[in-house]
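Asker: Next come the chains, spelled out residue by residue.
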Amino acid sequence: MSLRYESTIREPLINGTKDFHQVTEDIVRPIEGKPGTLWYVGLYISVAMLLFGVFAVFWEVYWGIGVWGVNKTVDWAWAITNFVWWVGIGHAGTLISAILLLFRQGWRTGVNRAAEAMTIFAVMCAGQFPIWHVGRVWDVFFIFPYPNTRGPVWPNFNSPLLWDVFAVGTYFTVSVLFWYAGLIPDLATLRDRAKTKLRKFLYGYFSFGWTGNVKSWQRIEALFLVLAALATPLVLSVHSVVSMDFATSVIPGWHTTIFPPYFVAGAIFSGFAMVQTLLIVTRKVLHLEEYITLGHIEAMNKVIMLTGSLVAMAYCSEFFVAWYSGDFGEGGQFWWRVDGPYWWAWWCLITCNVICPQMFWFKKLRRNIAFTFYMSIIINIGMWFERFVIIVLSLYHDWIPSSWTYFSPTWADMGFYIGTFGLFFTCYFLFSKYLPVIAIHEIKHVLRVSGESYKQNMKSIETQPLPEFVERVSREEHISTGVGALR
Amino acid sequence: MPVKNFVVGCFKEEEGVFKAVKRVRTSGFKLHDIYSPYPVHGLDEAMGMRQTSLHTAGFFYGLFGVIAALAGMAYCTVHSWPLNIDGKPHFPLPSFIPITFEFTVLVSSVGMTLTFCWLCQIMPGVKKHIFHPRQTDDLIVMAIELTKDSQAEEVKKWFADLGAIEISQQRAEEGWWYGNFSMPAKYEQELEAGHPVTS
Numbered sequence: 000m001s002l003r004y005e006s007t008i009r010e011p012l013i014n015g016t017k018d019f020h021q022v023t024e025d026i027v028r029p030i031e032g033k034p035g036t037l038w039y040v041g042l043y044i045s046v047a048m049l050l051f052g053v054f055a056v057f058w059e060v061y062w063g064i065g066v067w068g069v070n071k072t073v074d075w076a077w078a079i080t081n082f083v084w085w086v087g088i089g090h091a092g093t094l095i096s097a098i099l100l101l102f103r104q105g106w107r108t109g110v111n112r113a114a115e116a117m118t119i120f121a122v123m124c125a126g127q128f129p130i131w132h133v134g135r136v137w138d139v140f141f142i143f144p145y146p147n148t149r150g151p152v153w154p155n156f157n158s159p160l161l162w163d164v165f166a167v168g169t170y171f172t173v174s175v176l177f178w179y180a181g182l183i184p185d186l187a188t189l190r191d192r193a194k195t196k197l198r199k200f201l202y203g204y205f206s207f208g209w210t211g212n213v214k215s216w217q218r219i220e221a222l223f224l225v226l227a228a229l230a231t232p233l234v235l236s237v238h239s240v241v242s243m244d245f246a247t248s249v250i251p252g253w254h255t256t257i258f259p260p261y262f263v264a265g266a267i268f269s270g271f272a273m274v275q276t277l278l279i280v281t282r283k284v285l286h287l288e289e290y291i292t293l294g295h296i297e298a299m300n301k302v303i304m305l306t307g308s309l310v311a312m313a314y315c316s317e318f319f320v321a322w323y324s325g326d327f328g329e330g331g332q333f334w335w336r337v338d339g340p341y342w343w344a345w346w347c348l349i350t351c352n353v354i355c356p357q358m359f360w361f362k363k364l365r366r367n368i369a370f371t372f373y374m375s376i377i378i379n380i381g382m383w384f385e386r387f388v389i390i391v392l393s394l395y396h397d398w399i400p401s402s403w404t405y406f407s408p409t410w411a412d413m414g415f416y417i418g419t420f421g422l423f424f425t426c427y428f429l430f431s432k433y434l435p436v437i438a439i440h441e442i443k444h445v446l447r448v449s450g451e452s453y454k455q456n457m458k459s460i461e462t463q464p465l466p467e468f469v470e471r472v473s474r475e476e477h478i479s480t481g482v483g484a485l486r
Numbered sequence: 000m001p002v003k004n005f006v007v008g009c010f011k012e013e014e015g016v017f018k019a020v021k022r023v024r025t026s027g028f029k030l031h032d033i034y035s036p037y038p039v040h041g042l043d044e045a046m047g048m049r050q051t052s053l054h055t056a057g058f059f060y061g062l063f064g065v066i067a068a069l070a071g072m073a074y075c076t077v078h079s080w081p082l083n084i085d086g087k088p089h090f091p092l093p094s095f096i097p098i099t100f101e102f103t104v105l106v107s108s109v110g111m112t113l114t115f116c117w118l119c120q121i122m123p124g125v126k127k128h129i130f131h132p133r134q135t136d137d138l139i140v141m142a143i144e145l146t147k148d149s150q151a152e153e154v155k156k157w158f159a160d161l162g163a164i165e166i167s168q169q170r171a172e173e174g175w176w177y178g179n180f181s182m183p184a185k186y187e188q189e190l191e192a193g194h195p196v197t198s
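Residue numbers (numbering that gives the first Met the number 0), protein chains in the order written: chain A, 0 to 486; chain B, 0 to 198.
Honestly, the hints are just simulated from the structure, not real lab data.
It is possible that some hints are incorrect.
Stated by the list, open to error - Straight-line Cα separation of at most 25 Å, SDA-like style, residue types lysine to any residue; simulated pairs:
| id | chain 1 | residue 1 | chain 2 | residue 2 |
| --- | --- | --- | --- | --- |
| 1 | A | K194 | B | H131 |
| 2 | B | K185 | A | L201 |
| 3 | A | K362 | A | T72 |
| 4 | B | K185 | B | P132 |
| 5 | B | K3 | B | L113 |
| 6 | B | K87 | B | V77 |
| 7 | A | K196 | B | T55 |
| 8 | B | K3 | B | G110 |
| 9 | B | K185 | A | N14 |
| 10 | A | K214 | B | V77 |
| 11 | A | K196 | B | P132 |
Work out the full structure, taking the sequences as your base and the hints as a guide.
Answerer: Spelled out as structure tokens, the structure:
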């Protein structure tokens, strides 16, 4: 009944001979079964990391920001670096779930649920840094504009730091809504299959009484589409606003108009790398190779290559402007990046972000899982260094040479960062055990047109060989319009 | 909500359902609803439903968001505590755009999602009758409400002719109620015990 037609040449989105029931079984299997030893080991390590992070944060709150490596010159360092890094990682999830939905990219269905979950967890991790770095964290609510007895004193609505609060807060909320709205029908599937009382109760409670009637499907699809349309400019605005934290200042290395698009490209770049890291492991452990296919991995590698090249272009234009502007401070700052005390950070960044992703021009490497996995980790290291280079390397040589310094992190800096990894992976492990990592209803929706078994049964549309067909068309064109005569 | 009698037919393929929907509109049966594990495009039109107005609601929530954000910031910086910073304007519109945009998106998405839940009557703790446990798995389930003009046997035969793979007769509550899915509803317990509930 579907009016859509998909080329028989295009790679199937779902491999293997499957019907709807088989799809449900495959995706639900890890939820209904017992998790393996690997899952427990992973979860325990994550929780241990999280607890270490909690201790590091407790130490920081108890003693103050002084336990970090920041000093008078470098007054922003790891906390803001890690914040930008985590927020950036989140961007791939929204790109997959929202932008690819608007562009009607069928391949998003295999990866969107996990990618959106990753977005939510990454933004949760990112949010920790601005919250705890304020020092007196019990006063953090001062940031919100609420009527108070101190004047009233209102926050400064002209400040990009306040824009950040609104941007990241909205981003988190909208991501959660989008993700959860998509989960409701799948939770209903789990509920109707549940054998134990507890599962029936919990999945029943969280599926909100969804039945899958026609009107609800019509409404939920409208909801997805409009949320996607809202999330698309939102995700671009979030990292633009994050970049304005720097770009609106007058510090050499920060004060540049290229920052918003440069940050957005970098965010998508690192986000897709994280999606690859997670999904390559997930598909293997949960046996979902037929849903997250090599085609998916290749498609994401193409995005990585594109955004990686954009980022490389941004680096070049930064250097060009530093030279072309003739600004002394700017020129010095950029030269020190290449050949200053932190040369290793900058060269690491160039190796990881500019040189490595160019390997993806080769189809063989784009479709090589082990290579993609290593590359995804390299890219995320590179993207962390990008933020470190922008932040610390613009601050450590300030306007007074006597205050020049070198930043080194302390254990509390590192502990906080490790703790957010713990938070991220704890959430991801729980998600992959208790919720479907692939959107079941969306897979069923594309199965009929893009599943391998359905494609095999597709009738051939055009039996004529291509050269004959082209010749016939050009002959007909020649007769009807006479255009061919000009060729 | 009243408890009613239904005849339920399950289909494996979309084609069968579309055929059934076309026929039901001329057959005189009262179509209750159709349940599917994934959105079947075109079924809403075939059933004669209009397009949802959720988008329009989203627009108006967004409009409210714009006005609320601008008005709120104007109240703070112009009326409540105007600060003179280098003689800059109290209401600098360009630098208020980011927050206005974010707030618009926030209000619009939250409002639309809540409206969606309200319209679909879904909420934590809400329970509805599930006609077939596989309606969220692989079957498209069509429920026809029995009225005084339609006999159960007649509808069952009608379903069988259309190629429904499973046909059953059920007594069920029509709408939603508070409850959990781990235990049967009160009316279901009464039905079990053999006290037929009058509609």
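Asker: Next step is simple, just say for each hint if it's right about the structure.
Answerer: Going through the hints against the structure:
For the proposed pair K194(A) and H131(B), the alpha carbon gap of about 15 Å is at most 25 Å, so the pair holds. Between the alpha carbons of K185(B) and L201(A) the distance comes to roughly 20 Å, so the proposed pair stays at or under 25 Å and holds. Pair hint K362(A) plus T72(A) does not hold up; C-alpha atoms about 47 Å apart against a cutoff of 25 Å. For the hint pairing K185(B) with P132(B), the CA-to-CA distance comes to about 20 Å; that is within 25 Å, so the pair holds.
Only pairs whose Cα atoms come within 25 Å are accepted, and K3(B) paired with L113(B) is rejected, the gap being roughly 29 Å. Simply put, K87(B) and V77(B) have alpha-carbon atoms about 12 Å apart, close enough for the 25 Å limit, and the pair holds. Restraint check for K196(A) and T55(B): the C-alpha separation of about 41 Å exceeds 25 Å, so the hint is violated. For a cut-off of 25 Å, the pair hint linking K3(B) to G110(B) is broken: about 34 Å separates their Cα positions.
At roughly 45 Å between alpha-carbon atoms, K185(B) and N14(A) are farther apart than 25 Å, so this suggested pair is violated. Distance hint between K214(A) and V77(B) is unfulfilled; the C-alpha atoms sit about 47 Å from each other, more than 25 Å. The hinted pair formed by K196(A) and P132(B) meets the criterion: a straight-line CA distance of about 15 Å does not exceed 25 Å.
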